[in-house]
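Trainee: The chain contents come next:
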Amino acid sequence: MNMHSLILRTAGHFLLPLLLLFSVFLLLRGHDEPGGGFIGGLVAAAAIVLYLFSMDIQSARKVLRVDPRDVLGVGMVLAVISAIPGVFRGEAFFTAQWWEFTAPLFGEMKLSTVLIFDIGVYLVVIGSVLTIMLNLAEAED
Amino acid sequence: MMMSVALPVVLPLLFGALSVMFWRSHFAQRSLGVLGTGAMLAVSVWLLADTWEHGHVVMEMGSWPAPFGIVLVSDMLAAIMVVLTGIIGFATALYSLSGIGKMSEKFGYYPLLHLLLAGVNGAFLTGDIFNLYVWFEVMLVASFALLILGGERAQMEGAIKYVTLNLLSSMIFLTAIGLTYGLTGTLNMADIADKLATVEDTGLITVIAMLYLVAFGVKAAAFPFFFWLPASYHTPKVAVSALFAGLLTKVGVYALFRVFTLIFNQDVDYTHEILLWVAAATMLTGVLGAAAHYEFRRILSFHIISQIGYMIMGLALFTPLALVGGVFYIMHHIIVKANLFLISGITFVMKGTHELKQMGGIYRTNPMLGVLFLIPALSLAGLPPLSGFFAKFIIIRAGIEAEAYWVVAVALVVGLLTLYSMIKIWAEVFWKAQPEGVETDDVTSGPMIWMWLPVIMLALMTVAIGLYGEPIYQMALMSAEQLLDPSQYIEAVLGESRP
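Chains as they are written, first to last, in this note's numbering: chain A, 1 to 141; chain P, 142 to 640.
So here's chain P without its partners, still in its complex pose:
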């Protein structure tokens, strides 16, 4: 029996419950926050090692056999995502020590943080499509509450758009699940994939596939369902933004990867062609939106969207190399993007604003932070030798090999525009002199060390992925091989219980 696959879900639930129990003590909640996320990171690494060794790690919850009970399944992609969740969760918990404030803690910041992480890990690990829906809802509830912590007007406005669109997506998701169940009579994803092969009504399968595309497209903020993201991600506390930016949309991307490799692989010419158009449009709109903005976190939010496009492009090309690129891109992106948001929190503490026009001169007073910003920023733009270069390189190479030249052209242009955006932030925030007549209210309070530590940690990871990319590439390669051969997954889940 392999426990490692369940622990990344059970641990955050347990620590979340404990931090509700000790709601009176700020100290206990903070310690539980760091301990819980640290433990989660540890077990997720354990899970990755197990998965690396065995290929698939499966556990039938409550000992109910598949396909009747709910199974937790970890393949290489899921294990990688869980490790990334651990990293970002731990970084956020550290950052929160000096970045979140007593008021938010009083309103349940830490229990919600644990609940969100449990939801994210649950979504990555579940092998049951309805259970996936439940984890999405867990995430939605937790993220909604985190989004409005603080209760400012802008937050409410963003949160309402966020919740409305996500509820709509949940409804479409539920409809799709209902149709799937009507067609196959099962909810276990491996079983669905197995049964769909014998279904003759391929037209209906494509319809269901498109419903899933819309549902997960909203979650992933893909074109044309992205507008909730820039409306809401710049409003909450910085630690919360970073957590959302790193993880939430990627759950949608993960669900797309899972569903469009395991289940809907019959009519690739049609479904994945649509995905390719979505990818191109997502890349372009994201980066163009970013060009028009002058608020730190808004620019970053729009860049999340354009980056989502690259990941979907990896999925849409549907060649081994493209999937490697997609997975590599997700790994690089989560670390880099969360880090950029965390840095925006440090500059906010220094200058008291997120508006680029009112900031400046940080490189003069704090060159170290300038360097720390440049690492993820240039990585995001895809400059060698940082992680983003290799991620983009693999995807573009895959695009050329698949002879999808137009989408390669789009990807290259978007890369260039990303560089422009990052240089804009660099020039405005770090390089130019502090504009005259604008007061800088230094809101430094308490030790800043906990804000710096995760930023340095994540920046080092970005450099490490760039310099020693080989093991990361091997992991991405293994997950791509598994994704392209769904029979392994089906075999691992259903095993001998298959007729």
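Extracted from the complex, chain A is given alone in its bound form:
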């Protein structure tokens, strides 16, 4: 599926890290403001797909390093696991748990099971979109 476009290829090289960074930004921002795991995952998947269009399947797989189906599986497990911690505190499943602590440089930080769920969604979206895209690209070759 190589398009042999110098502009696209150069732009793809530059955009890939930027888009990935942006997707993580969206993921972390998503708790209180627009964003979140789903949209972040879509942006990250779009970054890889752009790379796939500008280069070829092998290099896209190489830049991904792992099989997208593994990403999918890990994401699903994370999403389900995030439901469980509440139970150990005697609360219902899916009850959000918060940990507050002070970290050097950043000041006061909050971590929660909601974030774990969002990261899970992020990975599931990346994994499923890329599984589909890579399979389609391979079918075309």
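Please note that a few of the clues may not be correct.
[Claimed, not checked] Covered by chain P, per the in silico footprint, the following chain A stretches (three or more residues, Cβ under 8 Å): (1) 68-80; (2) 93-101.
[To be verified] With a cut-off of at most 30 Å between alpha-carbon atoms, the simulated DSS-like pairs for lysine-lysine come out as follows: (3) Lys247(P) <-> Lys62(A); (4) Lys565(P) <-> Lys498(P); (5) Lys302(P) <-> Lys565(P); (6) Lys243(P) <-> Lys62(A).
Calculated directly from the structure, the hints in this document are not laboratory data. Yeah, the Cβ is synthetic: ideal placement off N, Cα and C, and Gly gets one too.
Take the given structure of chain A and dock chain P to it, following the hints.
Mentor: Relative to the frame of chain A, chain P by itself:
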């Protein structure tokens, strides 16, 4: 805090996710399949014990209080259904060890199996009408993918009918939910039931009730919305058929039971009279359809429909005894029907076909399988002392007490025709000699022990329900009492938060 009500939903989700993670290893997926369904069966028994003790087990998901958050509620009916899901899920997972093949596993059979079971359990346990819709969709997605595993032409044809009709039913369901929300301003089922009592526009309530009847009628394959079922259930792998036959339509029946006892109990003379006609028509069309067919699984599919009629009849009569009969019937039917489908898989391995005309002589070569077939088959037809006899007996007795003689007559005739159908299968597959000129390609591959084990297990259960029916009857009695007194359910869910 009672965890037991959430575990039957969370566990299959967790095991499903794990089996996606280990998609490379067939061994890991199979082990997770057996372990996951086994664990699910264990927690569902725990839930049944909890429910037996406390009456209702409620958990507010994410600690959001009802009626704002989503609650999981288990009453006796829901707990019984969850246990049955555990039994059938476990039996199917065992059966799949030698019955499903590496190709299907590669395309995600086990994750889909877990997802389907999570959807079924979610639908049984949720106390929120919109959440019920979501679980229906989860089930639909998983079942569609399972239906087309293998990708044969017949499967695609069946799957398209299946999906189209089920999507239509989902749309009607969604419309009904919208109207309900407009009328009461809530989606929590207990809260809806509470608020509907004060609504004056009873005409609109009846309209909504009919919308729910159509939506769940399609899911349950009730007359006249049944035709997707015989078009699709005979096409997938046998393990998948058995799972569908045991569980999917029963989710529709369960939803009818829930909605038409808890929410729509104002105008029983009207709504339940319609249900009674639907029940009678469903029984008749199912059994007549079966009489015309000569394909093993198609006959069984049509019998699912006619059996659904008995369950709806139990609901429609709306007396304590009738509801006991309906619940008892569901318990008996799920086990028996799944077992018959599993047996059709074993005969398929022996003869390489599902066509009755090309089979024969299995009783001579394998008398054990003949006996194993006769147990669920005669139970389905309602012969004593098997489980089906008591199920039919209770329902027909309830019909006589309610003086609905015509529907009792229909039920009796249908019972007789069911016997005819089962004897037809018995005679063609097991008794008559192998027809000459037809080759039997013995497709035995790998150990068959995993196919036999669940069949024997389920057959023993059928006999046990027949011989020691008392505890089962007590459970059905308790669920019927709860169904007829919705205030218990409302009290358990809303509790002190009620104004």
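Trainee: Tell me, in ascending order, the numbers of any earlier hints that this structure violates.
Mentor: Those not satisfied: there are none.
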